[in-house]
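Chain B: place on chain A using the hints.
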Amino acid sequence: MGSVQRPSLLPNAYCLLPHEIPMLLIKCPICGVVGDETDFHYGGEAHVRRPASDHPDRISDGEQRDYLFMRKNPRGPHHERWRCDRGCGKWFNAIRDTLTMEFLATYGIREEPPAI
Amino acid sequence: MSRYSVFSLARNALSGHRDWGEAWRSPEPKPAYDVVIVGAGGHGLATAYYLARNHGLANVAVLEKGWLGGGNTGRNTTIIRSNYLQDPSIRIYELARSLYEDLSQELDFNMMFSPRGVMMLCQTEHELRAFRRTAHANRIAGLDCRMITPAEVKRIVPIINDDKNARYPILGAYWQPRGGTARHDAVAWGYARAADARGVDIIQNCEVTGISRDGNRVTGLDTTRGHIRTRKIAVVVAGSSSLLMAMAGLRMPIESLCLQALVSEPIKPVLDCVIMANTVHGYISQSDKGELVIGGGTDPYNNYSQRGSFPSVQHTVTALVETFPIISRLRMLRMWGGVVDMTGDRSPIIGKTDVEGLYVNCGWGTGGFKSIPGSGFVFADTIANDRPHPIAEPFGLNRFLEGRFIDESVAAAVAH
Numbered sequence: 001m002g003s004v005q006r007p008s009l010l011p012n013a014y015c016l017l018p019h020e021i022p023m024l025l026i027k028c029p030i031c032g033v034v035g036d037e038t039d040f041h042y043g044g045e046a047h048v049r050r051p052a053s054d055h056p057d058r059i060s061d062g063e064q065r066d067y068l069f070m071r072k073n074p075r076g077p078h079h080e081r082w083r084c085d086r087g088c089g090k091w092f093n094a095i096r097d098t099l100t101m102e103f104l105a106t107y108g109i110r111e112e113p114p115a116i
Numbered sequence: 117m118s119r120y121s122v123f124s125l126a127r128n129a130l131s132g133h134r135d136w137g138e139a140w141r142s143p144e145p146k147p148a149y150d151v152v153i154v155g156a157g158g159h160g161l162a163t164a165y166y167l168a169r170n171h172g173l174a175n176v177a178v179l180e181k182g183w184l185g186g187g188n189t190g191r192n193t194t195i196i197r198s199n200y201l202q203d204p205s206i207r208i209y210e211l212a213r214s215l216y217e218d219l220s221q222e223l224d225f226n227m228m229f230s231p232r233g234v235m236m237l238c239q240t241e242h243e244l245r246a247f248r249r250t251a252h253a254n255r256i257a258g259l260d261c262r263m264i265t266p267a268e269v270k271r272i273v274p275i276i277n278d279d280k281n282a283r284y285p286i287l288g289a290y291w292q293p294r295g296g297t298a299r300h301d302a303v304a305w306g307y308a309r310a311a312d313a314r315g316v317d318i319i320q321n322c323e324v325t326g327i328s329r330d331g332n333r334v335t336g337l338d339t340t341r342g343h344i345r346t347r348k349i350a351v352v353v354a355g356s357s358s359l360l361m362a363m364a365g366l367r368m369p370i371e372s373l374c375l376q377a378l379v380s381e382p383i384k385p386v387l388d389c390v391i392m393a394n395t396v397h398g399y400i401s402q403s404d405k406g407e408l409v410i411g412g413g414t415d416p417y418n419n420y421s422q423r424g425s426f427p428s429v430q431h432t433v434t435a436l437v438e439t440f441p442i443i444s445r446l447r448m449l450r451m452w453g454g455v456v457d458m459t460g461d462r463s464p465i466i467g468k469t470d471v472e473g474l475y476v477n478c479g480w481g482t483g484g485f486k487s488i489p490g491s492g493f494v495f496a497d498t499i500a501n502d503r504p505h506p507i508a509e510p511f512g513l514n515r516f517l518e519g520r521f522i523d524e525s526v527a528a529a530v531a532h
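From first to last, the protein sequence lines stand for chains A and B. If you're matching positions, the first sequence starts at 1 in the working numbering and goes up one per residue. If you're matching positions, the second sequence starts at 117 in the working numbering and goes up one per residue.
Chain A with its partners taken away, still in its complex shape (with noise of 0.2 Å):
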């Protein structure tokens, strides 16, 4: 998308029409509702599985720091969880690649990812 020229007294100097924004848009696969980022809360890498819920008997303190600290962290598509703040307040899953911005695909919040 380029920039639209507007009338100033700066030559050159152009304003951002409100499509242009960046900002992401998002659908919530629950409820569907399509809104920008500000309406939805952004939790982090999905499917981080906490050890305490499979063997809180025995856990070490490599597994413990994966849990909390260690993150995939890709530039591409990206696992990650989404709340539907002001639509129907639901969690969910979605694909996200971190160099385009481009959402692949939402799921549930309990569901595997499906393929890309």
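Simulated DEER-style distance windows between Cβ atoms: (1) B:N170 / A:K72: 35 to 41 Å; (2) B:Q320 / A:Y107: 38 to 44 Å; (3) B:G365 / A:A115: 22 to 28 Å; (4) B:S328 / A:G62: 23 to 29 Å; (5) A:S60 / B:D523: 21 to 27 Å; (6) A:D85 / B:E222: 50 to 56 Å; (7) A:H41 / B:G315: 48 to 54 Å; (8) B:G172 / A:Y107: 53 to 59 Å; (9) B:N226 / A:D36: 42 to 48 Å; (10) A:R110 / B:D388: 52 to 58 Å.
Simulated crosslink set (DSS-like; lysine-lysine; CA at most 25 Å straight-line): (11) B:K384 / B:K270; (12) B:K468 / B:K348; (13) B:K468 / A:K72; (14) B:K280 / B:K270; (15) B:K181 / A:K72; (16) B:K181 / B:K146.
Chain B is faced by these chain A residues, among others (derived, beta-carbon under 10 Å): (17) L24; (18) H41; (19) E45; (20) Q64; (21) R65; (22) L68; (23) F69; (24) M70; (25) R71; (26) K72; (27) N73; (28) R96; (29) T98; (30) L99; (31) T100; (32) M101.
Don't read these hints as lab results, they were simulated from the structure. Backbone N, C-alpha and C define an ideal beta-carbon position, used for all residues, glycine too.
Frame of chain A; chain B shown alone:
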């Protein structure tokens, strides 16, 4: 390398400034180096410089995917301060701040270091108490910092809104008179020129595509300009740390987020210090050109695009307009984003890794620029001696295993 001085300026003026030599060479990569530094930002170049100056290691290459200083070194708001809460942070940031004091003389390159004072506003009772605690910690550490009253704030910053009924009134501030700003590009250029003069090869447009290992020891790197053999690799690639370390099979406790900044159109001098307003998420200073330089918090989600989203900028500017009403009609000229490494405790990672010969310096989050000289100083020592420098030691990767965090996220929730 010819020295920059009033005499060289006069001499070159006679030839119309057409004969200035290049500031650094653009050499072809050699087949092997003693140390290869990945990333020619401020931290990487400073590391190379101190390797050469302090440790006599000049067979060093700095590889850069793009152009030197083109990442976060050229994308920050140039703030320098050292008034952190935790002792390890105070030591490394104050080492950096003190090195900035005479860096221009040492590198023969004008950093435009301007210790104009950094003022951290207290706009809630909680913030006031938190900064008093930091002030006590800093006094014990010997930093030149003090709490100031709302009247002193108004005297130093006449444009500030001191309305007692404001949503976030000014209750005082934490003042570091020797904090300030410097020219960010000049820091990269100065270190590059000085490192090059000592024999370091700075190789731009050379992307690392793989790290080769023999067992648990690094043996070299694959790059877009061929394979380079080395037994010591230092990764200093803020924003891409997870990607580079993954080439050596390591996962990192890091997420890459976008941090934005923006500048206004230039106006006459209205602000002669740096102001950080942590409660409302904004910081502001005025450049020598007259532009107001504005920054805020990171965007919330992982982002490698070097472009942020508008709501973060709006949030920052909204807060600053309430604190500085005169800026409400200023137009903003430019906005940009940089990809920063965020760690769980908002402190950097400096040191050795589980792979022999692989060193890492990353995770500076939103506070990388101010720390460049100190970071390079201790990282060079760590690489040369294959053990953490005492100031770098608390920042090792093992702290995430041991639960021994350097928690600055509580001490300064936004602006590092």
